[in-house]
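Colleague: Protein sequence lines correspond, in order, to chains A and B. If you read the first sequence in my numbering, its first letter stands for residue 1, the second for the next number, and so on. If you read the second sequence in my numbering, its first letter stands for residue 1, the second for the next number, and so on.
Hints were generated in silico from the structure; no laboratory data involved. Where hints are given, some of them may not hold.
What the hints assert, rightly or not - Not the full set, but computed from the structure, chain B residues with beta-carbon under 10 Å of chain A:
1) E5
2) T8
3) R45
4) D53
5) T202
6) V204
7) L259
8) F270
9) I276
10) I279
Claimed, not checked - Dumping the calculated DMTMM-like pairs for lysine to aspartate or glutamate here, alpha-carbon to alpha-carbon at most 25 Å:
11) K78(B) - D202(A)
12) K78(B) - E529(A)
13) K2(B) - D202(A)
14) K236(B) - E529(A)
Claimed, not checked - Here are some chain B residues pointing at chain A (derived, C-beta under 10 Å):
15) S105
16) K120
17) V147
Here a beta-carbon is modelled for each residue, glycine too, at the ideal position from N, C-alpha and C.
So you can see what is in the structure, the chains are spelled out below.
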Amino acid sequence: MKKQNNGFKIGTIVVFLAMTIMYLFPTIQWNLEQRHINGMPEAEQAQYSEENRERLQSLQENSLSLGLDLQGGMYVTLEVGVNQLVLELAGEFADETLRDIISVAQGRSVDQGTEFITEFLAEFESRDPNAMLSRYYRSDVDNITRRSTNEEVETYLRGQVGSAVDRAMEIVRSRVDRYGVTEPSILKQGNSRLVVELPGVDDEERVRDLLRGTARLEFRLTPNAEDMNSAKRQIVNYFENAGSEEADSLATGDSLATQQTGGNPLLQIFSPQGRSEYVFGYAAGPDTARVNDLISREEVQNLLPRSAELMWGAQPFATDQGLELFELIPVRTQVEMTGDVISEASVEFDPNTNEAQVAMAMDSDGSRRWARITGANIGRPVAIVLDGYVYSYPNVITKINNGRSSITGLSGLQEAEDLVNILLSGALPAPLDIIEERTVGASLGEESIQAGFYSVLFGLVAVAIFMIAYYHAGGGIADLALILNVIFILGILAAFNATLTLPGIAGIVLTIGMAVDANVLIFDRIREELRAGKTLRAAIDNGYSNAMSAIVDANVTTFFVGVILFSFGVGPIKGFAITLMAGIASSLFSAIVITRVVVDYLTREKTSTISFG
Amino acid sequence: MKWFESPTYDFIKGQKIMYVVSGVLFVSSIIAVLTMGLNYGIDFRGGKEFVFDFENNVEVTEIRSALTEPLGGTPELKLFGSESEILLRTDAEGDISVIQNLILSNLQELYPDNPVRVIKTDLVGPRFAEDLKIAAINSILFAVAVVFIYILIRFKGWYFSAGAVAALIHDVVIVLGIFTVIEPIVNFNVTIDQALIAAFLTIVGYSLNDTVVVFDRIRENSLIYKTMEFKDMINKSLNDTLSRTVITSVTTLFVVTVLFIFGGEVLKGFAFALVIGVILGTYSSLFVASSIVVELQKRASQPKS
């Protein structure tokens, strides 16, 4: 009876071992390949990788993947600006009341961690229970009219938010793919969040811009130069009278302010002339923020023509004593065309200056409008505005019929490439905000791998020596189970396609210490039974069976903790929870089943003995 | 080798002294947390954290004073494993790229001949931090509830549940207190972050492991020695399992110490919490959990007058 029982146990052990080896095989192969490739001369590396690409790729996909904290990379959580979207959906119906409701609702949803739409509706209805949301929202497609009920509008808004999040995800995916990251992962989290994992990425700045880049491209006309010049004179006069005490507080540091004296706070940091009559003036890079503060005053804004606003050039046009100078360019508030009409975009080089620029082609509707706009404004500049900065304001020379245009004034090839990427993947339906970002450099990752490896090794050795010293042969058997246990954990991780993180390795180390607990319980019981005068066989039988309930209870509770950690934790902590759970499962198996088989084998003869210390 | 073979310590008698020890530790931990405040990491507070790797050694105080003005507030600085790596935490508002470049340019100005690079960045928005905090609190409450219910079902006595949960609270509060007190002294990161919550839950699991083994023995002994007084039975059970409790604590202490020494800078605080937690967990399952069970059982079994 017992023989048969052990046969089954041995069978299970063999099956588990075979499965573990099967699941870990690609990982071992992949690592050997990596070593092989790294050992080659550089010229051969690329060729070898190219020739074996498919095989290597499948090896990599099937091997145990390392977390970003080990291989280096970037982990970003993005939040879709639902409040922005709800405001934008109202379009021209949006008024002060709606803006106020949205900002109150946003504040409350942030404070209380509730959903924005719910707060928005509650706030809207609390102001006037009879008010109709359809005052602000219309949609032909979704059949939202003046007579739609608030419930219908709510469904419509929720639908719009949902599809905006989905679209944002598609766009982010397409941008990441174009950027070229191996094995990126993009997942939706909750209602309005995206989690992006980019292994091996180390240019954080570029990726941040790429992920949240709205690339809102606008074609705008420039206002009448005469009107702007007279407005400029009035503004300068306004600051002439604004008093000189302000000026002192503004003049700091190594800006243009130190070079010019006089009581006019604007003129201290701003020169009201430009390369052409269309330019409002220029300022040094560090001063632009202060110029913005000055001209954003209501009195100043009132002096500008209603249809005009001021925007900074994207690139400096000159430098003066090491300071980059930026132009302030007036544009019309009305947007003639947006980036929606762009059907193609590519990087080109200016034949004269060899600077990178982006060439764009428009769809038929866009081409028609572009022809009309250029035709009506020959000899006057058209401003190409990207994300609130004027990239160029070329003078229209002839009417353009083929829908061609280009963005010049970029900082270099990289910006041109990223811009093409963003233009082609489409505009984001709502702004994306980075609410969490974790970047680990490759070098730190390598250090962590080493630290983790040594921790596992030293932990294993320390526990193994102690167990043999304390339990003699029994300890040796427990050590065998312990080593198999570590291999099983890795096998389970590979089988479930889980990622090995640094906290995950910590989980393995911890498991090494706690896994022997089951054997300690059993062996102590066996010693107790032996002390009570039982035969070795009986002591072993009783030891195993009496220790069982304690082992089960202790491990079930720890497993619960693992489950809780897994469901609440994020990122690397999940990795810790996974190895903890895998460790408990496999340690139960190795500590109870494997050691039993070995102990039984060693005591198969009546006369054989085994020491439990 | 044999430790604690048939020991006959009187744990319940020793509880008077232990009540004092635990009480003092527990109360001073609460006082420390209340007066010094919990030292949240950016996970729960929001903010930006960078690790800079210099080629040569740097002076933390110099960096602190050089960056205070540009960042508009004193940043928190700690060495990160070596004298040439620093961890910087700032609440400065604004775009992370802008702040990163601002710090880098100031550092280069401060140490022109000491090249620096960023090897780790963490950004957590205030709203996201709030979410993480709620999730962390929920997970701990949830874990305690699960423990209470599981023990209630398996051991059929609410005083067992209460004893186990009291031991857990005892352990977690004292670890929190120690973290709060040592923060200004030690040279590694001991802020309260997600990893620490994971450590807490592990401590909960570990401490429980010990407690459950003792309770299991109590259950078993109560079937064998039906006439024995409850207090004596608990004492016997503690002695019966003492060898196992100590051995498992020793092996676990081995590995968490290894983790603390060799596990790298990222895991220092986490491993430290585990080291304290294992010691406390062993102590509390021997003295706190069982003492409370005895106390509660005594009161519960007294006829109401």
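Colleague: Now look at each hint and say whether the structure bears it out.
Modeller: Hint by hint, here is what the structure shows:
1. E5: Constraint on E5(B) satisfied, holds at 8 Å.
2. T8: violated (14 Å)
3. R45: violated (13 Å)
4. D53: holds (7 Å)
5. T202: holds (7 Å)
6. V204: holds (6 Å)
7. L259: holds (5 Å)
8. F270: Check passed: Cβ of F270(B) comes within 7 Å of chain A, closer than 10 Å.
9. I276: violated (14 Å)
10. I279: violated (13 Å)
11. K78(B) - D202(A): holds (23 Å)
12. K78(B) - E529(A): violated (54 Å)
13. K2(B) - D202(A): violated (54 Å)
14. K236(B) - E529(A): holds (16 Å)
15. S105: At 12 Å from the nearest chain A Cβ, S105(B) fails the 10 Å test, so the hint is violated.
16. K120: This hint holds: K120(B) lies near chain A, its Cβ roughly 5 Å from the closest one there, short of 10 Å.
17. V147: Hint on V147(B): holds, closest Cβ of chain A at ~6 Å, below 10 Å.
Checked against the numbered hints listed earlier, the structure breaks hints 2, 3, 9, 10, 12, 13, 15; every other hint is satisfied.
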